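Asks: Given next are the chains, with one letter for each unit.
There are 2 protein chains.
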Amino acid sequence: MKTIKIGILGLGTVGTGVARMLEKEKDLISSKLDAELVIARIADLDIDTDRGLTISRDRLTTDAFAVIDDPEIDIIVELIGGETFAKECFERAIAKGKHIVTANKALIASHGNDLFRRAAEQGVDIAFEASVAGCIPIIKTMRETLAGNTIHSLAGIMNGTCNYILTKITCEGSSFEDALAQAQESGFAEADPTLDIEGYDTAHKLAILNSLAYGMKVNLDDIYVEGITRVTAEDIRFADEFGYRIKLLAIGKRTNGAVEARVHPTMIPTDNLFSSVNHAVNAVNVCGSATGDMFLVGQGAGMLPTASAVVSDLVDIARNLITGAGQRVPYLAFTSERMNDLPILPMDEVTCRYYVRFMAMDKPGVLSRISGILGEYNISVRSVHQKEGAKGESSVPLVMLTSVAREKDMRQALADIESLDIIQGKAALIRIEE
Amino acid sequence: MKTIKIGILGLGTVGTGVARMLEKEKDLISSKLDAELVIARIADLDIDTDRGLTISRDRLTTDAFAVIDDPEIDIIVELIGGETFAKECFERAIAKGKHIVTANKALIASHGNDLFRRAAEQGVDIAFEASVAGCIPIIKTMRETLAGNTIHSLAGIMNGTCNYILTKITCEGSSFEDALAQAQESGFAEADPTLDIEGYDTAHKLAILNSLAYGMKVNLDDIYVEGITRVTAEDIRFADEFGYRIKLLAIGKRTNGAVEARVHPTMIPTDNLFSSVNHAVNAVNVCGSATGDMFLVGQGAGMLPTASAVVSDLVDIARNLITGAGQRVPYLAFTSERMNDLPILPMDEVTCRYYVRFMAMDKPGVLSRISGILGEYNISVRSVHQKEGAKGESSVPLVMLTSVAREKDMRQALADIESLDIIQGKAALIRIEE
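As they're listed, the protein sequences go chains Z and S.
FYI, the numbering used here numbers position 407 of the first sequence as 413, with every residue one higher than the one before it.
FYI, the numbering used here numbers position 343 of the second sequence as 349, with every residue one higher than the one before it.
What the hints contain is simulated information worked out from the structure, not anything from laboratory work.
Note that the structure is predicted; figures quoted are calculated from it, not measured.
Any given hint could turn out to be false.
If several chains are the same, the list does not tell them apart, and a pair holds so long as it fits within one copy or across any two.
Simulated pairs of lysine-lysine, DSBU-like, Cα-Cα distance not exceeding 35 Å [unchecked claim]:
#1 K32 <-> K223
#2 K11 <-> K414
#3 K102 <-> K174
#4 K432 <-> K93
#5 K11 <-> K223
#6 K30 <-> K223
#7 K93 <-> K397
#8 K102 <-> K432
#9 K102 <-> K30
#10 K8 <-> K414
#11 K93 <-> K223
#12 K174 <-> K32
#13 K369 <-> K102
#14 K432 <-> K11
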């Protein structure tokens with residue numbers, strides 16, 4: 007039986023999961039691959055902690071380059087994370103003709119175009135299923151399953167921390183801070199949660215999926231990103247009254263000559279499947295020209311679910327090595343010559359329905375002044391919810407659901423309304439997707 | 007650019023969809039494959055009907071063997087259906103060294119073991135993504151994505167007709183007959199719906215998935231099959247009161263030294279994602295050792311969704327042809343030497359919770375006699391629902407939800423209870439899965 011030798015860079019949560027899985031499921035994998043996947047060497051700065059692995063100590067090193075340079079090794083698994091040293095490792099592995107499996111969404115989202123170009127020159131496979139939505143096979147589905155489909159749109163709940171926090175607030179009435187603290191205690195939110203809760207992690211994933219879906223170069227910079235830190239329990243309750251849930255959604259839609267790419271809190275009808283995806287679970291919907299909507303749900307993070315995606319990539323590349331089928335599928339679904347220059351639609355031009363909440367004086371004529379300004383911008387109101395103010399309250403929440411409007415118009419209308427003397431503070435704005 | 011030539015057998019709904027997709031998405035497919043997929047010939051008994059295809063008439067024939075024997079053709083797409091002539095076509099194509107793509111679940115479920123053995127001898131690829139759950143990439147997920155996972159269980163809503171009928175009864179209060187008639191009018195239920203509504207179509211799919219999941223030979227004969235024809239609107243209403251929906255579920259579970267394989271109406275908690283899968287939509291859940299639950303939803307039938315699965319298989323095989331990577335993935339996920347002889351657990355030995363409805367006399371002591379008999383078989387009752395009888399009614403429905411019990415015990419207890427003079431007719435029995 008042939009042996010495929012693997013070098014792992016990084017023994018954090020996912021790296022440890024991959025090593026454990028390769029050791030534990032060795033026989034199972036051989037029974038499907040007709041070859042053995044063997045961990046030849048592992049690099050990590052900490053090689054003293056016992057991670058419950060059977061690999062002998064002399065195969066551990068603190069020197070990542072020693073693993074990359076090892077001529078025995080066929081595939082490098084990069085699980086260091088970050089963009090600087092990981093990129094050096096990528097470039098060195100490519101130069102040495104080593105195939106690479108990674109879970110590094112930031113690296114692919116920021117440097118994918120360059121890395122794939124270099125890899126193509128060296129005939130090197132790069133696989134990155136684990137970089138988006140954990141164990142959900144969304145990369146394989148986009149690259150392979152949907153080969154004959156023109157993709158119309160994609161959307162995803164792709165950050166477990168945000169979905170956990172929103173679920174806790176929605177279903178258990180937790181505060182944002184308590185929910186975040188619980189996510190951190192449970193081990194899936196980072197000590198510094200900024201990347202997650204501000205939406206950047208989700209944007210990394212959207213940049214990758216948009217490229218696979220629409221054949222555009224990986225474009226992170228032009229994605230509109232808004233996190234969940236301004237979502238209040240009050241808005242979540244109002245959403246519920248109107249029959250919606252609030253989720254942090256990544257949206258990639260084909261429009262006329264451009265692609266929408268936006269990450270923001272989104273109101274979704276309660277009977278939409280996304281509304282039932284709770285806690286740290288991830289979900290992605292892709293709408294293809296032949297398939298219609300396809301909806302994939304699974305664990306989006308965690309040691310073993312992410313390791314599962316890495317192992318499936320390892321098996322895929324191993325199959326290529328065994329059958330001599332290198333670069334069998336283009337990195338980003340489309341061959342490099344057929345990638346296009348589709349731009350991202352400026353956020354100002356995006357159209358959708360809106361939920362907007364003002365804090366307004368409890369006086370006659372308020373509603374007509376607000377809806378009057380909205381009307382000037384061609385925005386019509388479909389539902390209004392205004393509660394009578396309690397005694398002594400100077401302002402009450404006034405909630406409106408609009409018809410489809412253009413983002414630019416909506417923002418200008420809000421600026422005008424916020425400047426009225428009957429309005430207190432800033433309006434809360436949440437986009438609605440059906 | 008390389009050209010891969012395809013021969014299509016059968017221009018029914020799916021065959022027409024495949025031909026249209028290959029014509030319409032020709033350029034898109036080339037941009038992902040760096041090769042052209044060209045329809046070289048099509049065989050169908052009816053070559054006169056205009057199906058909106060651009061292929062020239064002289065490439066149509068009524069002779070399937072002429073297509074199979076055409077030395078120009080690389081891949082045969084078998085969309086004839088049925089087991090007799092389709093099998094002859096398979097055997098002839100294999101003998102000629104032609105790769106095959108099919109949507110024929112009945113053929114794979116009944117003759118897969120033999121056909122795969124023959125194909126292996128000739129080095130021929132057989133792909134069958136379209137045979138299970140339409141466009142949902144469940145075959146690829148089982149064969150490739152889950153390569154490093156020990157599968158614990160799988161379950162699926164895999165028949166659009168049944169799910170449509172149950173949805174209509176549940177959500178719109180339709181009668182079974184009306185719902186079936188509407189499914190037939192909508193074009194996705196067959197004129198003779200027996201295969202669908204009696205559960206056999208779902209069993210075909212389960213036989214295939216169980217083999218992929220557990221490495222066992224394809225075993226259709228030992229699957230327990232119960233269709234939806236005995237599900238009443240009354241049971242659906244009672245289920246709702248207890249917080250459940252009724253779905254036709256295929257269940258494949260690993261147990262100690264065997265595999266559960268059963269298709270039957272199943273009560274599922276309303277907050278389970280399966281309960282939100284309505285109308286003709288299909289869904290499959292797989293629970294892997296590393297992934298945990300993974301849930302895939304999509305159109306399970308119809309011209310284009312099924313064609314999409316066929317085209318993705320065509321592209322996969324084309325990639326193998328281009329890179330010289332024949333038989334890159336074992337047909338049934340495991341290499342033939344590593345397939346096992348796991349038996350299917352006899353239905354008598356299966357354990358689960360039960361919903362049971364009796365028509366009982368409205369008399370004192372009825373409840374204690376029934377629960378007494380259940381107790382004799384070690385079956386305990388967790389919830390009871392008994393409505394007061396209206397005047398003049400000789401019997402009233404008595405509904406019970408049990409704890410986990412063994413099927414054999416449950417059946418014997420029911421036989422004992424049905425023989426009581428206080429019970430009218432047969433009890434209704436529905437299995438519960440959480």
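Asks: Now tell me if each hint is right for this structure.
Replies: Results for each hint:
no.	hint	in the structure
1	K32 <-> K223	between (37 Å within a copy, 22 Å between copies)
2	K11 <-> K414	neither (54 Å within a copy, 51 Å between copies)
3	K102 <-> K174	neither (47 Å within a copy, 60 Å between copies)
4	K432 <-> K93	neither (42 Å within a copy, 69 Å between copies)
5	K11 <-> K223	both (32 Å within a copy, 31 Å between copies)
6	K30 <-> K223	between (38 Å within a copy, 24 Å between copies)
7	K93 <-> K397	neither (61 Å within a copy, 80 Å between copies)
8	K102 <-> K432	neither (55 Å within a copy, 73 Å between copies)
9	K102 <-> K30	within (29 Å within a copy, 41 Å between copies)
10	K8 <-> K414	neither (60 Å within a copy, 48 Å between copies)
11	K93 <-> K223	within (18 Å within a copy, 45 Å between copies)
12	K174 <-> K32	neither (38 Å within a copy, 47 Å between copies)
13	K369 <-> K102	neither (73 Å within a copy, 84 Å between copies)
14	K432 <-> K11	neither (58 Å within a copy, 62 Å between copies)
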